[in-house]
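Student: Chains Z and A supply the protein sequences, listed in that same order. All residue numbers for the first sequence refer to this note's numbering, where the first residue is 1 and numbers rise by one. All residue numbers for the second sequence refer to this note's numbering, where the first residue is 1 and numbers rise by one.
Hints were generated in silico from the structure; no laboratory data involved. The model shown is predicted, which means the values in this text are computed figures rather than measured ones. Note that beta-carbon positions come from the ideal geometry of N, C-alpha and C, so glycine has one too. Hints may contain errors.
To be verified - Straight-line C-alpha distance at most 35 Å; calculated DSBU-like pairs for lysine-lysine:
| id | chain 1 | residue 1 | chain 2 | residue 2 |
| --- | --- | --- | --- | --- |
| 1 | A | K359 | Z | K220 |
| 2 | A | K359 | A | K371 |
| 3 | A | K424 | Z | K36 |
| 4 | A | K8 | Z | K16 |
| 5 | Z | K50 | A | K24 |
| 6 | A | K424 | A | K440 |
Stated by the list, open to error - From the structure, some residues in chain A lie toward chain Z, with a derived Cβ separation under 10 Å:
| id | residue |
| --- | --- |
| 7 | F117 |
| 8 | Q164 |
| 9 | N327 |
| 10 | R345 |
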Amino acid sequence: MSGRQQLPLPFAAPKKQTFANFLGSANDEVIRLLSKPQNGFAFVWLYGEKGVGKSHLLQAAVDAQRGFGRRCRVVDLSVEALPDSEDGIEVLAIDHLQAARLDDQAQRTLVAWYQALSISGGWLIVSGDASPLADSWPLPDLASRLKSAQTFHVQPLNEEEVRALLTRRARERGLILPRAVVDYWLTRRSRAVPALLDDLDRLDQAAWVEQRRLTVPFMKGVLES
Amino acid sequence: MGHSLWEKCLDRLEDELSSEEFDKWISPLHARERGNSLELLAQNRYVRNEVKRHYLTRILQILQEESQVEDSAGGEQVIDDVRLLIGGQDEVEPQPLRADGSGGRSDQSLPQLNASFTFQSFVEGKSNELAKAAAAQVAENAGQSYNPLLIYGGVGLGKTHLMQAVGNVIAQQDPSARVVYLHSQRFVQDMVKALRQGTMQDFVQYYRSVDALLIDDIQFFANKLRSQEEFFHVFNALLEGGHQMVLTCDRYPREIEGLEERLKSRFVWGLTVEIEPPELETRVAIVMKKAEEEGVELDPAVAFFIAERIRSNVRELEGALRRVIANARFTGNGVSIDQVKRALRDLFAIQHRAVSLEKIQRTVAEYYNIKFSDILSKRRNRTIARPRQAAMALAKDLTSHSLPEIGEAFGGRDHTTVLHACRKIAQLRDESPEIAEDYKNLTRLLSG
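Hey, can you work out the whole structure from these sequences and the hints?
Tutor: Listed below in structure tokens is the structure:
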């Protein structure tokens, strides 16, 4: 068996995150808002649990706005610092805003960004783990600005959408995912999307290595090992 | 040399853009130097157009900044313009690099004034009528009296609006006037950049040459000694030249700790006015006015409902109204009190938290008036078993826990028991309006 094992190369297939490939019918309102051009200042705050698709929506919004010719900047505060405000940016998208909660400099810089965008009629789109009212922000100048946002609680996928997501992601990897396997998966494993996608990664790797189709016994062996 | 500047530009763009964007659009560009021009070659028209549309402005900015650093370090590199070509053939117009010493700012690129911030669009009430009158007076006599005008008050009360209204009037009266608005944090940032690039003289000269300078939130200068020093000189130069300054602050300047005494005293040399939180009538008027600007006809009762609940400041009031209007447009329904309640449900929510299994168990136990321990027990009489099944179904609907995890949390039950409970409750909700109502109530209680 080991002599026939396939060696998988560490190539993930990066997928552009757009509204077209966002599942989650409960979020139509925010999608409609972010996918249109809009005149004047807009400040949109997306919040919700980990894995519901906030980063995807943020990237999709930027992708849509770039399509309208707007100059956009995306900053993920979980891995980088908020840069100084600069002229000419029309859309600033900030992921994981909560990372700035304990960073006085980032909060001050964000106030400067807010002012610049509100005067120039730009957009500020942020994602955070909680609604602006739920968080206490130590800098009052920032706190009041954050509370002016249009807030959207990003809703998780329903069960059918989770099934569709898994089936689609599996298909993108060339895997066929029988319904019985999904049934087994969703009744025995965490149903949080990030955990499910981690499971899919493991299954994909194992299926390559062992040259196996996805079946319930195979899945059981991989995920419970 | 040009390549060295381009390589620096590439480094910065790689940091700023997603790897996908960088690899697709920027990395394939081939750079070459022709005299004082830097030519960037795109492989086809499509790439050239995309680069021109989305990235060229930023490329120019970075090259300009890097050129200034090179200049200040005594480098020889001179680039006057950047040309974007398709395979060296199809040239688009050269893009000149600016070198105006303004810390990267130019009047063309500055978001100077927002034309919608006018005295006409400012809603006046007892809380702000004095500040508005003072600002209007200053706008009509810019640089002649009351210099500087300092407007102070709590956050989100309209200080920026009044300051911008002054700037708009000055700009209308003299279209050639250079009216510069910026947040004090931006002044600090630009000064730090100028220091780094060795262009402080240009930086100071730029601000001293404006006709009117509007600086927002001067409390941000606190504890920034070098910025205070530079701003002090800019301030004096503008005042001596009879150029109008308008400042805002979140408190009376003498109360700002970490601000030099000489600045505190100068800030209140001219006219200092306070703006206070709006009273209910003004808040209602603000909501009505903003709705009108959005083209929405609002029932005064709805405006009253919103204004009565959001008291803190105007910014939050406007944010709430925008949410209401966006929701009404999305649903296709008019704005009503019920719709406002729905649209602002999230905003009013005290805290959004992930629902824990224990919270579900405790909430269900309390709702059905049974003990928490009963939920976890093995007792099978219906008064206990039914709430337990409902709690399991809620756990499946409201959390991401696996069914085995849910079973474990309910006294070590098997996942098939959880599955049975979920199916049973789904069936009962269809058959019994009472159980459907209970389930809805519990979902609402747990979802906050």
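Student: Confirm or reject each hint.
Tutor: Hints, verified against the model:
| no. | hint | verdict |
| --- | --- | --- |
| 1 | A:K359 - Z:K220 | 31 Å, holds |
| 2 | A:K359 - A:K371 | 14 Å, holds |
| 3 | A:K424 - Z:K36 | 44 Å, violated |
| 4 | A:K8 - Z:K16 | 27 Å, holds |
| 5 | Z:K50 - A:K24 | 30 Å, holds |
| 6 | A:K424 - A:K440 | 16 Å, holds |
| 7 | F117 | 8 Å, holds |
| 8 | Q164 | 7 Å, holds |
| 9 | N327 | 7 Å, holds |
| 10 | R345 | 9 Å, holds |
Comparing the model with each numbered hint stated earlier shows that hint 3 is the single one that does not hold.
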